[in-house]
Structure formats: structure tokens, C-alpha cells
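Chains A and B supply the protein sequences, listed in that same order.
Under full-length UniProt numbering, residues 1 to 263 are what the first sequence spells out, in order.
Under full-length UniProt numbering, residues 1 to 259 are what the second sequence spells out, in order.
Source of the hints: derived by calculation from the structure; they are not laboratory data.
Glycine included, every Cβ here is placed at the ideal spot set by N, Cα and C.
No false leads were mixed into what you were given.
Output of the computed footprint for chain B on chain A, the stretches with three or more beta carbons under 8 angstroms from beta carbons of chain B: (1) 39-50; (2) 161-171.
Restraint-style ranges between C-beta atoms, simulated for each label pair: (3) B:252 with A:85: 26 to 36 angstroms; (4) A:122 with B:245: 30 to 40 angstroms; (5) A:251 with B:49: 49 to 59 angstroms; (6) A:237 with B:252: 52 to 62 angstroms; (7) B:112 with A:163: 24 to 34 angstroms; (8) B:161 with A:5: 42 to 52 angstroms; (9) B:124 with A:85: 36 to 46 angstroms.
Now for the letters of each chain:
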Amino acid sequence: MNAIAVLRQTMWSGWTDLRIVYTPTTWAFGWMVRVLCQVVFYSTLGSLLGDPERTRYLLVGAAVFIAANETMMASASTTWERLSGTLALLAAAPAGMVTVLAARSWFWIATGTVSSSIALLALAPVFGLGLGAGEAAAAVALVFATALTNYAVGLCCGSLSLRFHRMRNVFSNLVLLTMTAFGGVVVPVSFWPTGFQWFAAAFPAVHGLEAVRLAVGGAPAAAVLAAVGLAFATAAGWLAVAAASLWWFQRDARRTGSIDFGD
Amino acid sequence: MTASSPAFWAAARAQLTEFRRDPGTLLTLATAPFFAVILLSVTEHGGRADLAPYALLAPAVMASIGMAVMEAGETIFRDRSTGVLEAVLTTPAPLTAVLTGRIAAITAVSLVGIAECWLVGALGFGVVVAVEHPLVFALTLLATAAGVAATGMLLAAVFVVGRNVRSFQNSLTFPLYLLGGAMVPVAFLPAGFEALSRLFFLSWATDLLRDSLAPAPVAHFWPRLAAVAGLAAGMFAAASWIAHRMVRRVRRTGTVGFA
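This is chain B alone, in the form it adopts within the complex (with noise of 0.2 angstroms):
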């Protein structure tokens, strides 16, 4: 089990030691705020203080996937640049839980957008979010997380398969955003984009999240959450599959250290 791993734990903690060392990394969760304070003056000023909980967790899920893509995904691709790589390729250590565990503590610390988010709207609008169902919440968060840092691992895996990938790194936020229903449900976009959205699990998530904040009754919530947790478990298995390949690429040509 990969989180049972003494690698795990020490990689988790070195992502910690990263942040601390280089508070730029902690970009995203700098910017939340501001769009928490961007988007729920949309839905104040249009007069629809119902669509508050949307305004709210929209900018904290951006913040979640948006490290995703701008720090997870960099890990290999850093660590091979600076020689950590090799240095991670000799130790008994497998690179699975090395990578998991530093990707699970960004995504953890993602998770502090919630809090802010939930701040600007209290200290900045008066608007107080209620969950409204607790359990569901809860479960979904977990199997959302799951699911960024599955998005994590395979941006970080394609991003060193295909170095040209990477140049695209930074166009990649706002297409999730759209596809992810972070702000408006999927269900808003065209038929075709919205069929494409269902394939990604933060679709099913944060319609989810949005059911779990409103009073009415969450329907199907237990296959919406398996959609949730069964595309993150997938994403996670072809991101160790590229990551696995990418190893053995590397290995065999010689260019661990070649970034």
C-alpha cells in the first residue's frame, strides 16, 4: 500500500519543506481570494444570492485543480532538472509512492481554498455558506481530491513523456475549469462539450458539491459519487501505467538525468 510507505511520508513532508522554501509555489492558493471576491460580486450584483455556494466553491475548486496543474504536475519533470530523479531511481523506493506522497500533500494543502474561499464571503460579503449535507460533502471532497491528484500524477507522467507537452502547461487551467463545471454546470455547455465534460470526473464533483450546499434532497448520490471516485481510480491507472513506462524509457536510453 503506497501510503503505508516510509517514502511516502518523507516525500509528503520534502513537498512541505518546498513550500515553505519557496512561497511563489503557493501561488493558487494566493489568487483564490480573488476570485471568490470576482465571481460572487457576479452573483450579487445580478441579485441571486442562491447562486452564492456557486460563486464560493467555484474559485476553491479552481484553486485545488490549478495546483494540480501548476505544481503537481511539475514534480518529475523538476526533479529530473535539478538530479533528484536519479538520486530517487537508486533507492529501493518505489517512484509511485515518492510521487503519490508529494502529490498528496499539494493537494492537501490545496484543500486550505475551501477556508478562504468560505472567508471572503463571510468577512467580505455577509454571505455565510451552510452545508447543508454534511455526509455527502464530506465523501465527495474525498473522492474529489482523490481525483486532483490523479490529475496531478498524469500531468506530471505526460509532461516528461512528451516534453512539448509541457508548453501547453499553462493553457491548461481554464479549459478544466470549463470542462470541470466549476462555476457553471456542464449542463449550460453545448451538447457535444458536454458529453466530453462527463468523461472528466470534476464534472460529476462539483455538481455534487453544489447539491451537497443546497437544501433539497441530493438525488442518485451514491452513482453520481462512484462516477466521481471510478474516473479519478482510472486517471490514477493510466497515470502509473505513463509513469511506469516513463521509468523504464529512461532507464533503458540513459536520460534520467537529461531534463
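In isolation and in its complexed conformation, chain A is listed as follows (with noise of 0.2 angstroms):
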């Protein structure tokens, strides 16, 4: 009862800083305008290399790679409460502070799979991607598994931007960029040597876009499920490095009084 108690008040809070990060005009002007431009970017490479099918490979890999950016700023996020000055009074709440960081920043989930869902639909058709009732239905419940377990990613580069502060965008943009870039989102995993793929098979992200490609390919449900199923996998194994980051960082902190000052 007391930890579903402390999740309703840490989902309103992280409601609440929605709020704040995004007005309805800044999301739809500002971020949206930049998300669009962003898959356009990346997918008018395949309009420069003359190739329609590299546009759509491409068009696809950053539109849902969109929500693996989002889910990444969990990294800054997560050190909201230092500079609310919440982080010391969490420390010393019963309730602890690893439900709390580990559950604030989930609309990152919710904001990635809209913004990338919206990507996707609004731009397969401009790029020559055609994609039935069913296949969009599909590439949108994938893309919130995409969102979701990418997030435990972000929670573990949150719970590095809690001892370096300065370093919160530092950690999610590097580790975005290299999934970016090794993860299957621009050329296929089998490009890079095999130390890189299984470098890359780490990250639930590239399973999950994996996911997202099959079903759009029209690849039967059980090979989508198993990308599915490894995404959910990788991410249990972060998850669980996340939540170990946090409470050794709330003891350490607890321990040498330095709560309050990061950096």
C-alpha cells in the first residue's frame, strides 16, 4: 500500500514537471518541429544515396529512435530533485529515494512514443513507406515497448548524472549516439565487426527498433515477439544496474553527508 502510495505522488510529480518542460505550443512548434526535422534529416540521406529503400530504412530508424532519445533525458531528469532541493528530504523519507528517482521521470515514456509515433505515421507516407491499419497499430505498441524499456537505460545514466551533475547530458547524449550509430538505425547491425553487435545487442533499443522493422516488414508475430522479448530482457538487466546505482548512491550519500553537492 505504501509503495503504490509513493508511485501515485511520484507519477503526479513527474506530471507536473511535464508541465513545466513543455507548454501545448512549445511541444507542437517547438519539439515537434524539431522531431520532424530530425527523421527528414536523417531519411533524405537515402534521397542523396538515390536508393528508396535505404530512405525507408532510414525513415524508420530515426523516427523510432526518437523515443530513445526521449526516454534518455530521464538522465537529466533524474537530478531534478538536487535542484529542487527535494533530493535530502527524499534521503530521509521512510520511504527511501529509489522508488522515487527510478518512477519520476516516466513521461519521457509517455512524450517519446507519442512524438515518435507521430514521426513515423506522419512521414512513412512523404518517404514511399506504406503502412496498413494493422502494421501502424503495431509500430506504435512496438515503439512504446521501445520507450519503455529504453527508459531503464536512462535511469542508469541518471543515477551517474546524480554524483556528476555537470555531466547529466554529457552521459545521455553519448550513450544515445552510440546506440545511434551501432544500433541498427542508420546501417544494419551486421555492417559494424562482431564485437560492435554484441556491443550493440546490449541496448534494449535496438532490439526493440528491430521489432518495429519486422513488424512493418511484415515478418511473422513470433520473430516480432522475440525482438520484443529481448528488448524486456536487456532492460531488466539495466534496470536492476539502475536501481543498485541509486541505492548505493542514496548510502554513500547517506554515509558521507554529501547529498547536496555533486560534482
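Fit the two chains together into the complex; they arrive one by one in their own frames, and the hints show the way.
This is the structure we're talking about:
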């Protein structure tokens, strides 16, 4: 019962944060314009290469990875408790801070799913990707799975950001770009040497994106579900690391009295 | 002349100190090699070795314009938040000299991205891009740097005048990369967008920079360079005018210290 109450309050706090981050105007005319431009930027690479198949590949990769992009913002938002001065209060509270910090940035999963899905569905006809109603619905569900599982990676970065506050955007950006480079977003994972392929397989969003590609390509449901399963399995690993890291941060910060001092 | 003012150099030194103090401000430079890997992998995988110069030039240009948006654009806003703007306005040094000094330092540092991306190509992919027309490249780069600095100045002024405008800061990078033809020439954009992009100095600059790396002779170099320089000068003039108005307004309303 207590855990549910803590989660409810945390979700409400996240919702309040979201309303500060975006107004409907800044979301629609700021963020979404950037999202669409980002996806068009990558998709037009296919036009430059003169290859419609590659254009569609780049479109799907760039659009789905918007969900990864937004959930990596959990790295920065995990530290907002420090900025608002509530971190010490959380450490003192009997509920502890691990659950709160782990759940407070949930809204990136929602916004990531929405903006990624809009980009994919709105730009698909522009770049010659035909999506039926069933494929579109499956793609949106799988984009949600990608956002949900990648949140665990964002949270891991967030647990580091609590220690190194000024690097909060550096961690998330470098991890995101690593995934973008080697995770089958712009070129197939098989383009890279075997070591890089194993490395890429550790990231949930790479499997989430693969699931979307399989679904829009009309692959059997079993193959799609296998990719989703890998996304959740790797996410469980990242979540365990994030929880351990947050717990260690709380213990260490209490012991040394450094909870409000970063960097 | 702004660059001869002691305030210009003092501001440039202060900005370099800021980079050392907070390495997070160099994030854009840290991301440039990743973008080089991403874009070069696309052209290599597509079997288009002729597009490698595009893929290595683009992340360098993106780093430069990205720093104009994320760092240069923040300068006045941060100075106002930390009380530095009040101190600056009480000195005889013109704000334009201080601002230009800081933004010139940011732009100069951002050009490190060119070396980073060239090294990614050479060491990571064995792709060595040669500058076929060094004079064209050097002059265009100079004009481009001026344009990037002018973009930073304009954003720095606009982000203070319209406080809500700063909410759009994070959203500006990719639209500017696209309209500036950072990777894909604007000729590939739909006609309406191409016309719009021709009002932005970067679209002329990236076309010229790409041409300077190709063996073919560069057509109409001087008029195109004049377009880069002219549009950059226009942007600088607009930035100075907005900054001047901003200073007058905050002095009149007594809100220099309110961010």
C-alpha cells in the first residue's frame, strides 16, 4: 500500500514536471518541429544515395529512435530533485529515494512514444513507406515498448548524473549516439565488426527498433515477439544496474553527508 | 573596431576559462565524432565513396552551428542570471565588444570539430578527405565562421528579448542543420524549403565547402562567397540592433538583474 502511494505521488510529480517542460505551443511548434526535421534529416540521406529502400530504412530507424532520444532525457530529469532541493528530504523519508527516482521521469516514456509515433506515421507516406492500419497499430505498440525498455538505460545514466551533475546531458547524449551509430538505426548492425554487434545487442532500444522493422516488414509475429522479448530482457539488466546504482548513491550520500553536493 | 577593444579579448579569455571550468559546455564537440561515424557509415554502406567528404564535413558544420545555438545563444541569458550583465553594463566597455569576444571564442573552439571529423574518417574508416581547392575552402570557412558567430549573437539577443523564445532553444538544431544543407544539399529539399534555406547563409556556405573538397572547378565562387558574407553581415546587424534595444529596455525598466 505504501509503495503504491509513493508511486502515485511520484507519477503526479512527474506530470507536474512535464507541464513545466512543455506548453502545448512549445511542444507542437518547438519539439515536434525538431523531431520532424531530425527524421527528415536522416531520411533525406537515402534520397542523396538515390536509394528508396535505404530511405525507408533510415526513416524507420530515425523515427523509432526519437523514443530512445526522449527517454534518455531521464538522465537529466533524475537530477531535478537535487535542483529543487528535495533530494535530502527524500533521503530522510522512510520511503527512500530509489523508487521515487526510478519512477519520477515516467513522462518521457509517454512523450517519447507520442512524438516517435507521430514522426513515423506522418512521414511514412512522404518517403514512400506504405503502412496499413494493422502495421501502424503494431508499430505504435512497439514504439511504446522501445520507449519503456530504453527508460532503464536513461535511468542508469541518471544515477551517474546524480554524482556528476554537470555531465547529465553528456552521459545521455553519448550513450544515445553510441546506440544510434552501432544499433541498426542508419545501417544494419551487421555492417559493424562482431564485437560492436555484441555491444549493440546489450541495448533494449536496438531490439525494440528491430521489432518495429520486422512488424512493418510483415515478418511473423513470433519473430517480432522474440525481438521484444530481448528488449525486455536487456532492460531488466539495465534496470537492476540502475536500481543498485541509485541505492548505492543513497547509501554513500548518507554516509558522507554529500547528498546535496554534486561534482 | 570591436576586435581591437581590450574588452573583446578579455571576454574571449573569460569564455575559454568557462570551457575549462565546465567541460559539459563542450558537449557538442564530444558528439561530433559520433555524428561523423553515423553519417560516414551510411555513405560507406551505400557504396558511395564520393559522398565521404559530405559525411565528414556535415558533423563539423553541425558542431559549429550547434555550439552557436546551445552555448553562444545562452551567453547574455546566463550573464543576466548570474548578475554579470549588471556589472558589464556599468563598465565603459560596449556590450557588443564583450558579446562578440565571447562568441568569437566559442566559434573558434567549435572549429575543432573539423579536425575531429577528419580524424574519424582517416583513423576509423581509412577515408582521407583532401581539400582540392584550399583557397576556396579557407575563405569560405572564414565567412562561415563569421556567419556562425552572427547566428550565436542573434540567438543570444533574441533569447533575452523574448523569454519564451528560449523554450525553443533545444528544438533549433535540426531545423538549422536541415535548412543549412549540413549533410544533404538544399537542392534535395522541396522547392518552398529550398527558397527559404537560401535566406540562411549556411546553405550557401555548405555548398561552397563541399565544392572546395571536390576536384571539379568551383563555379561562381565570388558571388557565392558574397552571399555567405552578405547574409552573415545582415544577421550580425540584426543581432546588434536587437542587443542594443534589449540593453535600452532593461536599463529603462530597471530589469538588468532579472532573468
